[in-house]
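K.L.:
So for the sequence shown, the numbering used here puts the first residue at 25; every next one is plus one.
Because the hints were derived from the structure by calculation, they are not lab data. You may find that some hints are simply not true.
As the list claims (entries may be wrong) - Derived SDA-like pairs (lysine to any residue); straight-line CA-CA distance at most 25 Å:
id, residue 1, residue 2
1, LYS229, PHE215
2, LYS93, GLU110
3, LYS238, GLU165
4, LYS88, THR109
5, LYS206, ILE221
6, LYS238, THR205
7, LYS88, ASP71
8, LYS67, ILE85
9, LYS67, PRO99
10, LYS93, GLU106
11, LYS238, ASP213
12, LYS238, MET173
13, LYS229, CYS194
14, LYS238, PHE170
15, LYS77, SER95
16, LYS77, LYS122
17, LYS206, GLN161
18, LYS238, LEU211
19, LYS229, LEU177
20, LYS238, ALA201
21, LYS77, SER62
22, LYS122, PRO61
23, LYS206, GLU196
24, LYS229, ALA199
25, LYS93, THR109
26, LYS88, GLY103
27, LYS206, ALA193
28, LYS229, ILE210
29, LYS88, MET69
30, LYS77, PRO61
31, LYS77, ARG113
32, LYS238, VAL212
33, LYS238, MET69
34, LYS100, ILE85
35, LYS206, PHE170
36, LYS229, PHE170
37, LYS229, SER166
38, LYS122, GLU196
39, LYS238, ARG163
40, LYS206, ASN169
Because the structure is a prediction, the values reported are computed rather than measured.
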Amino acid sequence: MTYHHLLLTHMRKALSLSTVIVRSLKYECFADRHIGPSQNDVKVMLDLLGFEKLDDLTDAIVPKSITLKRSLHLPKASGEFEMLTELHRIANENKIYKSYIGTGYYDCILPAVIRRNMLENAGWVTPYTPYQAEISQGRLESLFNFQTMICDLTGLQIANASLLDESTACAEAVALAVRYTKRSAILVDEFLHPQNIALLETRSKYCSLTHFSKFYHSL
């Protein structure tokens, strides 16, 4: 029997799962849904598929051409201290050089007060998943404080926030200017990073902009 025929046979068996077996697999409680199947659950599913153990199921499903025929050559288990010591040894072999790539790719300065009170503050991140309302409210408040500060510094009535990168920020600035002035031409500085200019050129093709030009300082 070929691999595809064998797989089709097992799929047909799975589709013929009886109501009795379905009810034997508990899923009403949170623990039953998220911790994983019990040994009894595994046995029920294996019995349905016609296997005695998981290794037999793996041998039947995984093609022989990609199956490793030998045991893995793994070192003996290490404790936490030994593992951390080895990781530090490997990390110390890294050589940190100055980056001259430019065009916006540079190290960021992270003030210690922000690192300690936000990034390393377990109370800020662990109680909630990223998309829960509680942490979203905290993020929105931080963005509002940032926007308020920018408005105070620049004297502008509005300020944007929470953009993914510099190029996206440039595109949003152009979109804002075009919507406000109702004009269809933009002029950008030639000294913008090339990725920013490239994105603006692409965006201008699909935003009803009739003219895109760079401002050359030599003019």
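K.L.:
For each hint, tell me whether it holds in the structure or not.
P.N.:
Outcome of the hint check:
A threshold of 25 Å between alpha carbons decides the hint, and for LYS229 with PHE215 the separation of about 21 Å falls inside it, so the pair holds. Annotation: proposed proximity of LYS93 to GLU110 is violated, straight-line Cα distance about 30 Å (limit 25 Å). Note on LYS238 and GLU165: the hinted pairing is violated, with a Cα-Cα distance of about 37 Å set against a maximum of 25 Å. As the CA atoms of LYS88 and THR109 are separated by approximately 39 Å, the hinted pair breaks the 25 Å bound.
Distance hint between LYS206 and ILE221 is fulfilled; the C-alpha atoms sit about 21 Å from each other, no more than 25 Å. Proposed proximity of LYS238 and THR205 is supported: the alpha carbons are some 19 Å apart, at most 25 Å. A distance of roughly 23 Å separates the Cα atoms of LYS88 and ASP71; the hinted pair therefore holds under the 25 Å criterion. At most 25 Å may separate the alpha-carbon atoms for a hinted pair to count; LYS67 and ILE85 meet this at roughly 17 Å.
Only pairs whose Cα atoms come within 25 Å are accepted, and LYS67 paired with PRO99 is rejected, the gap being roughly 32 Å. Taking the CA atoms of LYS93 and GLU106, the gap is about 31 Å. The hint is violated against a cut of 25 Å. With a C-alpha separation of about 6 Å, the suggested pairing of LYS238 with ASP213 holds against the 25 Å cut-off. With a C-alpha separation of about 30 Å, the suggested pairing of LYS238 with MET173 is violated against the 25 Å cut-off.
A hinted pair counts as satisfied when its Cα atoms are at most 25 Å apart, and LYS229 with CYS194 qualifies at roughly 15 Å. A hinted pair counts as satisfied when its Cα atoms are at most 25 Å apart, and LYS238 with PHE170 does not qualify at roughly 30 Å. For the suggested pair LYS77 and SER95, the alpha carbons sit about 19 Å apart, so the restraint of at most 25 Å is met. Restraint check for LYS77 and LYS122: not satisfied, since their Cα atoms lie roughly 55 Å apart, outside the 25 Å limit.
For a cut-off of 25 Å, the pair hint linking LYS206 to GLN161 is broken: about 34 Å separates their Cα positions. For a cut-off of 25 Å, the pair hint linking LYS238 to LEU211 stands: about 6 Å separates their Cα positions. For a cut-off of 25 Å, the pair hint linking LYS229 to LEU177 is broken: about 33 Å separates their Cα positions. Among the hinted pairs, LYS238 with ALA201 is consistent with the structure: their alpha-carbon atoms are about 16 Å apart, no more than 25 Å.
For the given pair, LYS77 sits about 14 Å from SER62 by alpha-carbon distance, which is consistent with the 25 Å threshold. Taken as a hint, the LYS122 and PRO61 pair is broken in the structure, with Cα atoms around 51 Å apart against an allowance of 25 Å. A C-alpha spacing of about 15 Å is found between LYS206 and GLU196, which places the hinted pair at or below 25 Å, so the restraint holds. Distance restraint check for LYS229 and ALA199: the Cα-Cα separation of roughly 12 Å lies within the 25 Å cut-off, and the hinted pair is therefore satisfied.
For the hint pairing LYS93 with THR109, the CA-to-CA distance comes to about 33 Å; that exceeds 25 Å, so the pair is violated. With a C-alpha separation of about 35 Å, the suggested pair LYS88 and GLY103 falls outside the 25 Å cut-off, and the hint is violated. For the hint linking LYS206 to ALA193, the alpha-carbon distance of about 19 Å falls within 25 Å, and the restraint holds. The straight-line distance between the Cα atoms of LYS229 and ILE210 is roughly 12 Å, inside the 25 Å bound, and the hint therefore holds.
Pair hint LYS88 plus MET69 holds up; C-alpha atoms about 23 Å apart against a cutoff of 25 Å. With a C-alpha separation of about 14 Å, the suggested pairing of LYS77 with PRO61 holds against the 25 Å cut-off. The straight-line distance between the Cα atoms of LYS77 and ARG113 is roughly 41 Å, outside the 25 Å bound, and the hint therefore fails. Annotation: proposed proximity of LYS238 to VAL212 holds, straight-line Cα distance about 5 Å (limit 25 Å).
Only pairs whose Cα atoms come within 25 Å are accepted, and LYS238 paired with MET69 is rejected, the gap being roughly 65 Å. With a CA separation close to 30 Å, the supplied pair LYS100 and ILE85 exceeds the 25 Å bound. A C-alpha spacing of about 28 Å is found between LYS206 and PHE170, which places the hinted pair above 25 Å, so the restraint is violated. Of the supplied pair hints, the one linking LYS229 and PHE170 is violated, its CA atoms being roughly 32 Å apart against a limit of 25 Å.
At roughly 34 Å between alpha-carbon atoms, LYS229 and SER166 are farther apart than 25 Å, so this suggested pair is violated. With a CA separation close to 32 Å, the supplied pair LYS122 and GLU196 exceeds the 25 Å bound. With a CA separation close to 36 Å, the supplied pair LYS238 and ARG163 exceeds the 25 Å bound. Distance restraint check for LYS206 and ASN169: the Cα-Cα separation of roughly 30 Å exceeds the 25 Å cut-off, and the hinted pair is therefore not satisfied.
Hints 2, 3, 4, 9, 10, 12, 14, 16, 17, 19, 22, 25, 26, 31, 33, 34, 35, 36, 37, 38, 39 and 40, counting from the list given before, are not met by this structure.
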